[in-house]
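Asker: Protein sequence lines, in the order shown, are assigned to chains U and X.
With the working numbering applied, the first sequence corresponds to residues 11 to 277, in that order.
With the working numbering applied, the second sequence corresponds to residues 1324 to 1813, in that order.
In short, the hints are calculated from the structure, not lab data.
All residues carry an ideal CB built from backbone N, CA and C; glycine is no exception.
Heads up, a few of these hints could be off.
Only part of the chain X face toward chain U is listed, based on derived beta-carbon distances under 8 Å [what the hints assert, rightly or not]:
#: 1; residue: A1638
#: 2; residue: E1642
#: 3; residue: I1643
#: 4; residue: G1648
#: 5; residue: V1704
#: 6; residue: R1803
#: 7; residue: L1804
#: 8; residue: A1806
Now the stretches of chain X that chain U is said to cover, found in silico as 3 or more residues with beta-carbon under 8 Å [said to hold, decoys possible]:
#: 9; segment: 1386–1393
#: 10; segment: 1470–1480
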Amino acid sequence: MGILFELKNVRKIYRMGTEKVIALDDVSLTFEKGKIYCLLGTSGSGKSTLLNLLAGLEKPTSGSIKFRGKALETLSEKQLTLYRQGYIGFVFQSYNLLPTLTALENVTLPLIFRRMPKRKRIAAARKMLKAVGLGNRWRHKPHELSGGQQQRVSLARAFVNEPQVIFADEPTGNLDTRTTYEMMDMITNMAREREQTLIIVTHDTEISQYADQIIRVRDGNIESITEGLGRGPSEEERNLENEKNNSNATGDAPVTDDSNTPSGEYE
Amino acid sequence: MRAIDTLSMCFRNLIKRKLRTFLTLLGVMIGTGSIIIMISLGLATDAQFAQMIEDMNLNMTEIQVFPQWGGMMWTEDGMQEMNQRDITDESVERFMRIPGVRTATPMMNEQLLFRSGPYTMMASVTGVRPEALELMGYNLGYGRLLQEGGEFEAVFSIRSERGFFDASDGSWNSPRQWDTSDDVETLVDIHEDSIRIYYDTSQFWNTRDWGWGFGGMVDEDFGLDLEEDFAPLRSFEINIVGVIQPPEIELRWGGGTQIFMDIETLRLLNQMSDETQRRQREEDEWNPSFSAITSGPRQTYGDVRVRTYSMDDTAEVAEIIQEMGYQVWFPGEWINNQREMQRGMETLLAAIAAVSLVIAAINIANTMITSVTERTREIGVMKVIGASISDVRKLFLLESMVIGILGGVLGVGLALGISYAMNNFDIEFLNNLNMGAPIIANEGGGVVSLITPWLCGLALAVAGGIGLVSGYYPAWHATRLSALAAIRGD
Ligand SMILES: Nc1ncnc2c1ncn2[C@@H]1O[C@H](COP(=O)(O)OP(=O)(O)O)[C@@H](O)[C@H]1O
Ligand SMILES: [Mg+2]
């Protein structure tokens, strides 16, 4: 397997007035093609910062980040735009769909920026929506969809331009347990089917098991790299978890839940 | 991002915020509308002035220059001692050298006696410099204008020959002259018949017994015996080389009878006549021949016409000539004063309207900044999923330009409506606003407000431009927003 990203002594310091925050201290890492990675760590450990650097949204204070041999920190704004258009997909914790656009239009957006002709991009977007199980919801606006459905639209949007790497920053952070597993199953399956690299940020050790490699981040440094299971929990484990949840008080149920939305999403 | 996609996205955003978009459009509409209306008032006034100039047959590029008589004079600055200033050939040359002057020619008028076969005509002949006639702006009907060295040439106007009459019955007037219709049968054919000018005619006039009768001067000897009466007079045949076609309006008022000849010829005729009269007083038998007289003492002129290239120069040229010490008069003077007053009023109104346009621009900028702030996250997301800086900039610039253009379209509609109302209902205060000319125009069925297609086009362009300018900062601000803002603060 080829190397996709190669990080050497990456350091990222934020300046807030006179105060310096070391978000990443000294990170050296490699990411290989077609693997699933998980950046695991507590809040504030620097996971998102690392992801943003990889996505070319920020430049490191020092060190270098190479994507297929090319140093991202040397690219111009224009080249970075092309990099984002052509090679990466991004899934956000809070979905970040454009509220004025329908599900379908949201999915076509990355293709619009790539100047793809209308007919072609609509075909691609519909195929993608079908793949995430929202084949007949394409006309809906984001506010007409549940959280899980919105995240699936966002998934379709990330995958639609056939990127080589998908970044997902706490993609299940706003979802309940059942939807979380569905989402994780979906995203990892899609990445594997398409032989894409997937880098997921999470603070949940259970979710991290979906990865081939778990990279523990702590105070801006890599604490450890371990092998994950490369799959989600088994049927029994999930049932067990469900029982546990049901026996617990249901008061802390997540706000957004697929169950309170119109049916018909699994056709 | 393709232009069509940018446009569709921009319309979506405008429609999403209907109320805000509408209010912003309203501002642009009022701003553009009032500017158009103010300009339309000015255009209407200009049109009325142009109409007035035409109706009164005013020649806006002509300045009449007269000599300045010496002595005490009442001027704008009170009583003043004025130096006498004669107009000589040299002064005419100086007028010609003033920038903006197309030509200048002295002018003199002489009453001359014409005869063709049995018919007679007394006509006023205008003497000009041959080379100046064309530049004076006369329209040639056919033939050609005067040339240098053509002492015996004349240029008629299309109705000049209507002055010929049959004087054998003693009535000394020509009824055809007063007919303003187009087809009047004339007695003389200027192309076929030989026409002579009789000069040095003082003896002729002096020997006849004049009185006043019905219809004008009456020759009390009852009629001319052409052979006998004209025989002693000296004459020459004139060659009519061309005919001037005067403007329609002049014909309507009974004009179109002017005759032009070389001023040098008239001057000689004049001198000879003076000379003869002097001799006659001295009871002397002296018969000068035409060619024997060369130019006498230093010649001065009573009337010089200066023609400028453009009516915009006229006032300035007139002032320069005035400063040289001559008297000037030009029809443009009064008109210019009127127009200047009008312009001042219009400029004031336009300035007020411009303020509303500025407010509209600020309003657009405000709307766009709000829009950018509101969409901070959206912009960030778009950047993360592949929007380029220029995509983001275009999105916002286009949005604000569309607001400008749509507002402009509404403004044009508003202005057309108001303009229609002003032109069709008598609005008293507008007459007070537009002094002078518009009242004439109203009486003559003119318009108070004139909106031309180019004005609409210009207004739209300005509205779009204002949108663009107002959107510039917000768009720039949008491009500067960090993509991270979208991801942080989840
Ligand atoms: N734009 C920023 N300005 C200042 N400090 C920042 C900024 N982004 C992140 N940080 C700081 O860097 C550290 C790492 O943040 P982050 O990468 O978001 O952590 P995680 O995603 O692991 O919770 C935190 O202490 C955070 O406050
Ligand atoms: Mg984070």
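Asker: Which of the listed hints are broken here?
Answerer: When the structure is compared with the hints, numbers 1, 2, 3, 4, 6, 7, 9, 10 turn out to be violated.
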